[in-house]
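Colleague: Going down the list, the sequences are from chains A and B.
With my numbering applied, the first sequence corresponds to residues 1 to 129, in that order.
With my numbering applied, the second sequence corresponds to residues 1 to 134, in that order.
Take the hints with a grain of salt, since some may be wrong.
Quick list of in silico lysine-lysine cross-link-like pairs, DSS-like style, CA-CA up to 30 Å [claimed, not checked]:
id	chain 1	residue 1	chain 2	residue 2
1	A	LYS101	B	LYS123
2	B	LYS54	B	LYS34
3	B	LYS54	B	LYS97
4	A	LYS101	B	LYS34
5	B	LYS67	B	LYS123
6	B	LYS67	B	LYS54
7	B	LYS67	B	LYS34
8	B	LYS123	B	LYS97
9	B	LYS67	B	LYS97
10	B	LYS67	A	LYS72
11	A	LYS101	B	LYS54
12	A	LYS122	B	LYS34
13	A	LYS72	A	LYS122
14	B	LYS34	B	LYS97
15	A	LYS72	A	LYS101
16	B	LYS34	B	LYS123
17	B	LYS123	A	LYS122
Keep in mind that the hints were calculated from the coordinates and are not lab data.
Here is how the chains run, residue by residue.
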Amino acid sequence: MDAQTILVVEDEILIRFILADSLRDIGYQVLEAGDGDEGHNILSSGQAVDLLVTDVRMPGEVDGLELIRRSKLLAPGRPVIICSAHLLRSEAFPADEFLAKPYSMDALAEVILRLIGDPWQKNSQIHSA
Amino acid sequence: MAEELPDPQCLIVADADVLIRNALAEYLRHCGYKVFEAATSDEVIIALEEGAVKIDALLADAELSGKFNAFELRLWVRNHYPDVEIVLAGNIDSAAKAAGHLCDEGPHLQRPYDPESVAAHIKRLLAATRRQDR
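Chain B on its own, in the form it takes in the complex (with noise of 0.2 Å):
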């Protein structure tokens, strides 16, 4: 009989720029993460509340808006689910960095490849639409 693999950890990426948050999510995708994306901290407090399966941890952006700023969200998750691992990242580039930190804890996947190179795909991402939006 084949073995049962185990469900794969569950992390929520917040940020509220959806070009960030997508290019950190897609990242730790790949290192085998199921990834809530959450805009505010409103929709971080749903998937934790509602979203069905457990969540591991939770990578936010420090300027985070919402019902709660990053640091009561902080507060509150600590408060209501202390499994939950909480990292806060100020800039883009400790975003990376953290989220190259989870994918070495990560399940099973190698990092498939370094945050710095996830930095720089989003900094060239927010610049393409600088340069549309003029």
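Chain A extracted, bound-state conformation (with noise of 0.2 Å):
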């Protein structure tokens, strides 16, 4: 069985490798993204994505909140984390949890937990039509 997968939208590379390679410690199966457009090229290609990680402010068209309201379009079961330096938990509804900047891997690894549960739990019933 595979393990479920994450896509982390981040366009600092350095961020986005460390968060990256974390999930993957942890068993999870991880497609990255280094911003809103290539997120949104990937959920549209048809591969399944469990849990939507995602910054806000990126370069190029689909911002991370448009992105959040695209997955939400091809997926409405699937849970969104955005992680954001700027936004303020309010405006942060779209998603299903928010995590200012900077957070702990730790703090990012429990919401993922209980938003999806550990690496090999199956949730197919989140995938993309």
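Can you join these two chains into the complex? Each is in its own frame, and there are hints to help.
Modeller: Written as structure tokens, this is what we have:
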């Protein structure tokens, strides 16, 4: 059985690498995107994505909030976590969870576990159609 | 006492197309590498200069954009990081083939699957995205 897949969308390569690497160490499958446009391409490619973790302010046409809107259109049940240094918690309502930057990996892992369970838990109902 | 495992070798996969980059990087991770994914030459430079890990090889798309084009980047890497092996690939098939060669030279794991199936997987993903965009 494949592990659950998390799409990490973050424009700073070193943050993205550390984040993705840490989640892989936990056991999740991780897809990386460098901005919202790339995130949208991955979501549109038909690959199974169980959870979206996204920054808000990124270069390109699709920012984090627009990416969440598109993700919810493709798969309404797929949870989303916003990670931002600029957004207020009250502005993060399109997402299921909000983490203010800087945040710890432990805090992120805890939120992920709450939303989708451990890497091997089956949540097939949240994949896109 | 348990024997300490050596650090995994590190690669950078650089390609402006996220679907190609993801698939190549995932294949190389299955071969036992730690992989940075870079979309531009600027990100390659950041990963090399600030990555805090020694990079062993760079697999880059020959059409890579950014501060440097792919050929300028190769020259820059040769001058600044002469130990880094550099492979430029001109299309999906040659990139997958190059990933297969890196896998053969790789740290400790066998090829998880054939480079041809990596290329086929990438082409399927690209086709699906194009259908969605219509």
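Colleague: Compare the distance between the alpha carbons of LYS72 of chain A and LYS122 of chain A with 30 Å, and conclude whether the hinted pair is satisfied.
Modeller: With a Cα-Cα distance of about 20 Å, the restraint between LYS72 of chain A and LYS122 of chain A holds, given a limit of 30 Å.
Colleague: Take the C-alpha atoms of LYS101 of chain A and LYS54 of chain B, compute the straight-line distance between them, and say whether it is at most 30 Å.
Modeller: holds, 27 Å
Colleague: For the pair supplied as a hint, LYS123 of chain B and LYS122 of chain A, confirm whether the alpha-carbon distance does not exceed 30 Å.
Modeller: holds, 28 Å
Colleague: Just to be careful, I want the Cα atoms of LYS67 of chain B and LYS97 of chain B compared with a cutoff of 30 Å; is the pair within it?
Modeller: Satisfied, since the Cα-Cα distance of roughly 27 Å is no more than 30 Å.
Colleague: Checking one constraint from the list: CA of LYS67 of chain B to CA of LYS54 of chain B, max 30 Å. Satisfied?
Modeller: Holds. LYS67 of chain B to LYS54 of chain B sits at ~22 Å (cutoff 30 Å).
Colleague: What's the verdict on LYS72 of chain A and LYS101 of chain A, does the C-alpha distance respect the 30 Å limit or exceed it?
Modeller: holds, 23 Å
Colleague: Can you confirm whether the C-alpha distance between LYS54 of chain B and LYS97 of chain B stays at or below 30 Å?
Modeller: holds, 24 Å
Colleague: Verify the proposed pairing of LYS67 of chain B with LYS123 of chain B, using a straight-line Cα cut of 30 Å.
Modeller: holds, 28 Å
Colleague: Within a Cα-Cα threshold of 30 Å, do LYS101 of chain A and LYS123 of chain B meet the stated pairing?
Modeller: violated, 36 Å
Colleague: Can you confirm whether the C-alpha distance between LYS34 of chain B and LYS123 of chain B stays at or below 30 Å?
Modeller: The given pair, whose Cα atoms are some 24 Å apart, holds under the 30 Å limit.
Colleague: Is LYS34 of chain B within 30 Å of LYS97 of chain B, Cα to Cα?
Modeller: Holds: LYS34 of chain B and LYS97 of chain B sit about 19 Å apart, inside 30 Å.
Colleague: Is the straight-line distance between the alpha-carbon of LYS122 of chain A and that of LYS34 of chain B 30 Å or less?
Modeller: Distance of about 27 Å is within 30 Å: holds.
In the structure shown, a violation is registered for the earlier hints numbered 1 and 10, in ascending order.
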